[in-house]
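Peer 1: Residue strings, one per chain:
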Amino acid sequence: KAGVTQTPRYLIKTRGQQVTLSCSPISGHRSVSWYQQTPGQGLQFLFEYFSETQRNKGNFPGRFSGRQFSNSRSEMNVSTLELGDSALYLCASSFKLAGGNEQFFGPGTRLTVL
Amino acid sequence: DQQVKQNSPSLSVQEGRISILNCDYTNSMFDYFLWYKKYPAEGPTFLISISSIKDKNEDGRFTVFLNKSAKHLSLHIVPSQPGDSAVYFCAASEAGNNRKLIWGLGTSLAVNP
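Note that the protein sequences, when read in sequence, are chains Z and X. Counting along the first sequence from 1, when you hit position 103 you're at 103 in this note's numbering, and nothing is skipped either side. Counting along the second sequence from 1, when you hit position 13 you're at 13 in this note's numbering, and nothing is skipped either side.
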């Protein structure tokens, strides 16, 4: 079956703009998690959605938000972009909640903020 | 406060030898642990997991050991191969708290031919 897909793969924005990233999980998976990866910072957890409800949240400002639709597809939004938001944004899906189940990651969206 | 710590940012081993990647945690309520591997420009891939009711789990060349009293787990790769060169992440969760997954910062493994 198809893996996790993320769109777009690359994105260039300027400071102050907003951006929406999309993630389509593996068919049948109900959990979608979002991560930010920057050099030297490892994987920083943003949030996890399960059956359209946010179940877990990381320590990111309110500029970062997300949602999940009834078909389990998820979107992540970042408003008022800052230079420090430049990163690889990874989406991962799992059948159950991420902490008790293997997650499958997408290829990521590379966001560059100028 | 880093609840899951991978204190070695990098590790270099010779092909054919054993690679040992370590992970320490502070939360005694963690009951499930996972290892992921990540190549550059790709998303992480699941490698192996272990429940706190076990102290060892083996899958081919990969074995994870869990020492609950020391709050320590390790991933052993035997024998190491050049294709194992990647960043390895340790992650943990507890039964409550919506099973929030806590990640370490990763260890970069280089296996030299």
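Think of the hints as simulated: they come from the structure by calculation, not from any bench. Each hint should be verified, as a subset may be incorrect.
[Unchecked claim] If the Cβ cut is set under 7 Å, some of the chain X residues that face chain Z in the computed set are: (1) Y39; (2) G43; (3) R61; (4) F62; (5) T63; (6) G96; (7) R99; (8) L105; (9) G106; (10) S108.
[Claimed, not checked] Examples of chain Z residues lying across from chain X (beta carbon under 7 Å, computed): (11) R55; (12) L90; (13) F95; (14) P107; (15) G108; (16) L111.
[To be verified] BS3-like cross-link-like pairs, simulated, lysine-lysine; straight-line CA separation at most 30 Å: (17) X:K5 - X:K71; (18) X:K68 - X:K5; (19) X:K56 - X:K100; (20) Z:K13 - X:K56; (21) X:K54 - X:K71; (22) X:K5 - X:K100; (23) X:K56 - X:K71; (24) X:K71 - X:K100; (25) Z:K57 - Z:K96; (26) Z:K13 - X:K68; (27) X:K71 - Z:K13; (28) Z:K13 - Z:K57; (29) X:K54 - X:K100; (30) X:K100 - Z:K57; (31) Z:K96 - X:K56; (32) X:K54 - X:K5; (33) Z:K96 - X:K68; (34) X:K5 - Z:K57; (35) Z:K96 - X:K100; (36) X:K68 - X:K56; (37) Z:K57 - X:K68; (38) X:K5 - Z:K13; (39) Z:K13 - X:K54; (40) X:K100 - X:K68.
Just so you know, these numbers come straight off a predicted model, no measurement behind them. The beta-carbon is built from N, C-alpha and C at its ideal position, and this holds for glycine as well.
Peer 1: K56 of chain X and K71 of chain X were given as a pair; does the straight-line alpha-carbon distance stay at or below 30 Å?
Peer 2: Roughly 14 Å between the alpha carbons, so the hint for K56 of chain X and K71 of chain X holds.
Peer 1: Is K13 of chain Z close enough to K56 of chain X, meaning Cα to Cα at most 30 Å?
Peer 2: 47 Å, violated
Peer 1: Just to be careful, I want the Cα atoms of K13 of chain Z and K57 of chain Z compared with a cutoff of 30 Å; is the pair within it?
Peer 2: 25 Å, holds
Peer 1: Against chain X, run the beta carbon of G108 of chain Z and see if the smallest gap drops under 7 Å.
Peer 2: 6 Å, holds
Peer 1: For the pair supplied as a hint, K71 of chain X and K13 of chain Z, is the alpha-carbon distance within the 30 Å limit?
Peer 2: 43 Å, violated
Peer 1: Checking one constraint from the list: CA of K5 of chain X to CA of K57 of chain Z, max 30 Å. Satisfied?
Peer 2: 20 Å, holds
Peer 1: Holds or violated: are the alpha carbons of K54 of chain X and K100 of chain X at most 30 Å from each other?
Peer 2: Since the Cα atoms of K54 of chain X and K100 of chain X sit roughly 21 Å apart, the hinted pair holds (cutoff 30 Å).
Peer 1: Assess, step by step, whether the Cα of K71 of chain X is no farther than 30 Å from the Cα of K100 of chain X, and give holds or violated.
Peer 2: Holds, at about 18 Å.
Peer 1: Close enough to count: is the Cβ of S108 of chain X nearer than 7 Å to one in chain Z?
Peer 2: Where the cut-off is 7 Å and the nearest Cβ of chain Z is about 11 Å from S108 of chain X, the hint is violated.
Peer 1: Would you mind confirming whether the straight-line C-alpha gap from K5 of chain X to K13 of chain Z stays at or under 30 Å?
Peer 2: Violated, at about 34 Å.
Peer 1: Is it true that the CA of K57 of chain Z sits at most 30 Å from the CA of K68 of chain X?
Peer 2: With Cα atoms ~27 Å apart, K57 of chain Z and K68 of chain X stay inside 30 Å; holds.
Peer 1: Check whether the Cα positions of K54 of chain X and K71 of chain X lie no farther apart than 30 Å.
Peer 2: 13 Å, holds
The structure shown violates the earlier hints numbered 1, 3, 4, 5, 6, 10, 13, 16, 20, 26, 27, 38 and 39.
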